[in-house]
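S.K.: Below are the chains, spelled out letter by letter.
There are 2 protein chains.
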Amino acid sequence: MSGQTFDVVVIGAGPVGEVAAERAARGGLKVALVEHERFGGECSYWACIPSKALLRPGNLLAAAKRVPGVPVGDRVDPAAVFARRDWFTGKGDDSGQVDWARGAGIEPIRGHGEITGEREVTVGGDRVLTARHAVIVCTGSVPSTPPIPGLDTIRPWGSREATSASSVPGRLGVLGGGVVGVEMAQAFASLGSEVHLVISGPRPLPRNASFAGDLVLAGLREAGVQVHTDSGVSAVAAGDSGTTLTLKDGSTLVVDEFLVATGRRPATAGLERFGIEPGQPLETDDTGRVSAVDGGWLFAAGDVTGRAPLTHQGKYGARAAGDTVAALAAGTFSEASPWSRFTATADHHAVPQVVFTDPEVAAVGLADARPGSADRVVDIDIAVAGSSLHADGYTGKARMVVDTERNVLLGVTFVGQDVSELLHSATIAIVGEVPLDRLWHAVPSFPTISEVWLRLLEAYGL
Amino acid sequence: MSGQTFDVVVIGAGPVGEVAAERAARGGLKVALVEHERFGGECSYWACIPSKALLRPGNLLAAAKRVPGVPVGDRVDPAAVFARRDWFTGKGDDSGQVDWARGAGIEPIRGHGEITGEREVTVGGDRVLTARHAVIVCTGSVPSTPPIPGLDTIRPWGSREATSASSVPGRLGVLGGGVVGVEMAQAFASLGSEVHLVISGPRPLPRNASFAGDLVLAGLREAGVQVHTDSGVSAVAAGDSGTTLTLKDGSTLVVDEFLVATGRRPATAGLERFGIEPGQPLETDDTGRVSAVDGGWLFAAGDVTGRAPLTHQGKYGARAAGDTVAALAAGTFSEASPWSRFTATADHHAVPQVVFTDPEVAAVGLADARPGSADRVVDIDIAVAGSSLHADGYTGKARMVVDTERNVLLGVTFVGQDVSELLHSATIAIVGEVPLDRLWHAVPSFPTISEVWLRLLEAYGL
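From first to last, the protein sequence lines stand for chains A and B. For the first sequence, the UniProt record's numbering begins at 1 and goes up steadily by one. For the second sequence, the UniProt record's numbering begins at 1 and goes up steadily by one.
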């Protein structure tokens with residue numbers, strides 16, 4: 001056994017752990033960053049980054065086809081798309097991330113870190129790291145696999161295998177109508193696969209406004225995806241000519257690869273001694289402090305907390321946690337009031353998310369009115385000069401949810417081609433609690449798609 | 001002579017006049033809308049709409065070329081681009097706009113309207129319209145032509161001829177580094193012209209942050225435009241093989257068409273009786289009331305006021321003026337306090353503008369710190385995961401100007417491919433006076449280009 005003492009030990013070097021470590025180090029603390037796979041984490045190699053690299057060419061080609069006069073071919077070139085994706089993921093080489101950590105004054109430590117006691121992390125079973133001030137758990141999440149008979153007889157794809165694929169399956173089955181399911185269905189359809197998407201409800205993206213799922217469903221079908229709604233996979237069987245999926249209604253599909261995208265659960269294995277069952281979230285207060293553990297030394301951020309399982313929101317929580325730990329160590333911690341730099345207050349009000357399908361879904365805050373409230377929902381088509389000029393046949397919808405008592409926005413949803421960059425306007429309006437009659441004075445530039453803001457406010461009655 | 005009485009007479013049926021008339025009619029007033037050219041105005045037929053229709057295909061093709069795997073040809077098809085532009089402008093048929101006016105309860109009147117007395121507009125010299133409550137002047141602006149020797153011997157293009165062209169000049173000269181000059185240089189370069197852009201300074205877009213002009217200059221050159229900086233056209237001569245332009249340094253260019261894009265002036269002819277010289281702005285207070293005319297019956301909005309010569313900002317002023325006139329008539333007018341629905345307050349703080357070149361320039365508020373102030377300027381490169389994924393070799397810059405005393409934003413500039421839809425986030429932040437430490441909680445979705453907001457705030461020290 002060897003031992004070493006740090007101010008802070010961060011477990012998990014995905015984007016969230018990197019940011020937590022960076023903020024603590026910036027606060028003058030000696031920080032260790034422990035990672036058992038690759039520095040940079042799931043997002044960099046197997047999630048956000050490669051998925052968007054696979055989606056962008058197909059979405060851009062679809063956009064180009066909608067503007068007459070732009071000379072385009074029929075399909076993207078998969079080899080070029082995969083090569084570009086590999087450039088972004090570095091084929092898994094994390095040396096750049098390790099160098100970044102060192103440059104930020106953080107000590108990168110490779111190995112599996114386990115919390116073996118109060119303020120104590122053991123790496124690889126024999127290297128004991130003591131944390132003077134805090135341990136910050138940023139271990140993320142792991143795929144949650146459903147118990148489908150026969151699934152264990154094949155080697156199904158998870159999101160990792162999908163985002164790192166280097167060939168295009170002739171026939172791809174996808175189970176799950178969440179973000180991973182629809183994004184990968186879209187990407188592989190654009191790459192030339194015959195894609196079967198099996199979802200449990202009448203439309204994908206059940207957590208979004210229903211028109212979002214409806215428009216994405218229509219977009220997937222237009223892209224050639226065969227969507228099996230109100231369905232499920234009840235059995236899987238390997239065979240010589242492919243994998244046979246038996247759907248809920250008894251019909252069968254034969255596919256070459258089968259992507260299971262049915263969700264993720266917090267990666268909390270090894271915390272039983274603190275009363276945290278594997279797969280259960282490590283719940284925290286808004287500063288990132290783990291509520292169930294005494295002594296105030298255990299923090300967490302990102303997917304593992306179950307707060308808002310998105311890279312950007314996890315990094316936000318990591319900034320709050322890193323700053324809190326640094327300020328506590330320096331004795332400069334002030335009250336953790338809402339909207340202070342020590343609190344991830346926006347987790348409760350304004351969590352933005354973009355689904356990079358065609359059309360895109362960009363949503364923040366509430367998707368609908370609160371039951372029993374005086375909230376008002378305004379729905380309109382995105383049909384302004386900017387959208388018409390952007391693409392022939394532009395189809396999109398926008399919603400805002402208004403707290404009529406406080407006269408502020410609670411949620412905004414945009415669905416349509418290239419709406420992703422509109423979202424931050426809504427996030428600022430919600431977080432800034434800008435009253436609607438002040439938003440009236442924020443004039444959208446003509447002719448942009450953002451003019452939909454004017455139409456939303458006019459439809460509200462301004 | 002025939003006579004007719006209305007509550008309100010609006011002169012000029014461009015987007016600004018249409019909105020002023022619509023808001024007044026919505027307030028229950030009987031409204032006449034007088035237009036001597038086409039209902040829909042400059043913007044619809046000869047400015048914003050056709051210019052963006054000419055730019056979008058070329059910009060989209062350039063975007064597609066930057067993502068390997070997207071199969072594209074070399075050049076846009078001019079015939080298809082012109083046909084699509086014609087679809088947007090309806091080849092000048094304004095019957096749809098006239099029908100819209102009637103549907104909105106507005107009486108459209110064709111002819112040249114002149115103010116011939118207090119509350120009196122004479123159309124076509126013999127039809128007298130009396131306005132019980134107000135006349136609203138929305139006559140826009142006209143091109144300002146510089147006195148260049150020989151210019152009168154050719155038929156130069158103005159913005160109208162450029163945006164309505166149906167063939168591609170082999171060689172196009174463009175004079176002027178403002179928005180029209182750079183946008184049309186970009187558009188015709190993408191259509192295949194050999195373009196010579198002659199500008200007076202070292203870079204185009206002198207009213208923007210200097211990096212905006214520098215990046216647009218680089219983009220134009222990359223697109224094949226030959227930019228002649230610190231120059232001007234001192235003489236023009238017609239000839240058999242084209243028009244010869246003599247530049248400031250004595251060198252010459254021969255071109256097939258010559259676009260003069262040296263600015264516009266308010267269309268105020270015919271108002272001498274009120275002390276307004278032709279070409280001078282019709283100055284108003286924030287409700288749109290013309291300051292120089294007694295009696296409170298004369299209003300104006302849009303380019304003619306000289307406030308902020310942009311379609312969207314003119315429509316904003318028209319909403320304030322239309323609502324003011326309607327409320328005055330109904331006796332419900334309240335104090336015209338800043339940021340009320342009766343005041344175009346944002347004209348002083350947050351006028352957004354997008355230049356649809358490649359790269360785009362999207363700016364709102366101040367371009368730089370106020371002299372002698374404690375304002376702080378933060379400049380960063382746009383280099384986030386979202387921009388890298390968006391286009392290989394993405395190049396862009398962002399600036400925010402901070403009022404350090406009030407801890408709010410005064411201005412934001414984004415320059416880069418497809419930044420136009422980021423702008424409204426900045427407009428809301430400025431208009432909403434959202435403090436910087438609250439903006440910290442507006443988390444940009446990963447991986448979007450909007451993540452540049454996080455980098456700006458980090459660079460500021462948050």
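Please keep in mind that the hints were generated in silico from the structure rather than gathered at the bench. Ideal placement from N, C-alpha and C gives every residue a C-beta, glycine not left out. It is possible that some hints are incorrect.
Label pairs and their computed distance ranges (CB to CB) [what the hints assert, rightly or not]:
| # | chain 1 | residue 1 | chain 2 | residue 2 | range |
| --- | --- | --- | --- | --- | --- |
| 1 | A | Glu458 | B | Glu37 | 42 to 52 Å |
| 2 | A | Gly461 | B | Asp294 | 46 to 56 Å |
| 3 | A | Pro68 | B | Asp285 | 39 to 49 Å |
| 4 | A | Gly393 | B | Ser95 | 18 to 28 Å |
| 5 | B | Gly239 | A | Pro68 | 33 to 43 Å |
| 6 | A | Ser251 | B | Arg102 | 54 to 64 Å |
| 7 | A | Trp87 | B | Arg102 | 54 to 64 Å |
| 8 | B | Arg370 | A | Pro435 | 35 to 45 Å |
| 9 | B | Arg370 | A | Gln280 | 51 to 61 Å |
| 10 | A | Pro68 | B | Ser200 | 31 to 41 Å |
Below, computed lysine-lysine pairings styled on BS3-like, alpha-carbon distance capped at 30 Å [what the hints assert, rightly or not]:
| # | chain 1 | residue 1 | chain 2 | residue 2 |
| --- | --- | --- | --- | --- |
| 11 | B | Lys91 | A | Lys65 |
| 12 | A | Lys65 | B | Lys248 |
| 13 | B | Lys65 | A | Lys91 |
S.K.: Give a verdict on every hint.
M.R.: How the hints compare with the structure:
1. A/Glu458 - B/Glu37: 42 to 52 Å: Since the Cβ atoms of A/Glu458 and B/Glu37 sit about 27 Å apart, the hinted range of 42 to 52 Å is violated.
2. A/Gly461 - B/Asp294: 46 to 56 Å: Roughly 35 Å apart at Cβ, these two residues miss the hinted range, so it is violated.
3. A/Pro68 - B/Asp285: 39 to 49 Å: Since the Cβ atoms of A/Pro68 and B/Asp285 sit about 46 Å apart, the hinted range of 39 to 49 Å holds.
4. A/Gly393 - B/Ser95: 18 to 28 Å: For A/Gly393 and B/Ser95 the Cβ distance comes to about 23 Å; the hint holds.
5. B/Gly239 - A/Pro68: 33 to 43 Å: 36 Å Cβ-Cβ, so the 33 to 43 Å window holds.
6. A/Ser251 - B/Arg102: 54 to 64 Å: This hint holds: roughly 55 Å between Cβ atoms.
7. A/Trp87 - B/Arg102: 54 to 64 Å: holds (58 Å)
8. B/Arg370 - A/Pro435: 35 to 45 Å: Given range 35 to 45 Å: violated, Cβ gap about 27 Å.
9. B/Arg370 - A/Gln280: 51 to 61 Å: holds (54 Å)
10. A/Pro68 - B/Ser200: 31 to 41 Å: Hint holds: Cβ distance 37 Å, inside 31 to 41 Å.
11. B/Lys91 - A/Lys65: The hint holds at about 24 Å.
12. A/Lys65 - B/Lys248: The hint is violated at about 44 Å.
13. B/Lys65 - A/Lys91: Holds, because 24 Å separates the two Cα atoms, which is no more than 30 Å.
When the structure is compared with the earlier hints, violations turn up for hints 1, 2, 8, 12 and for no others.
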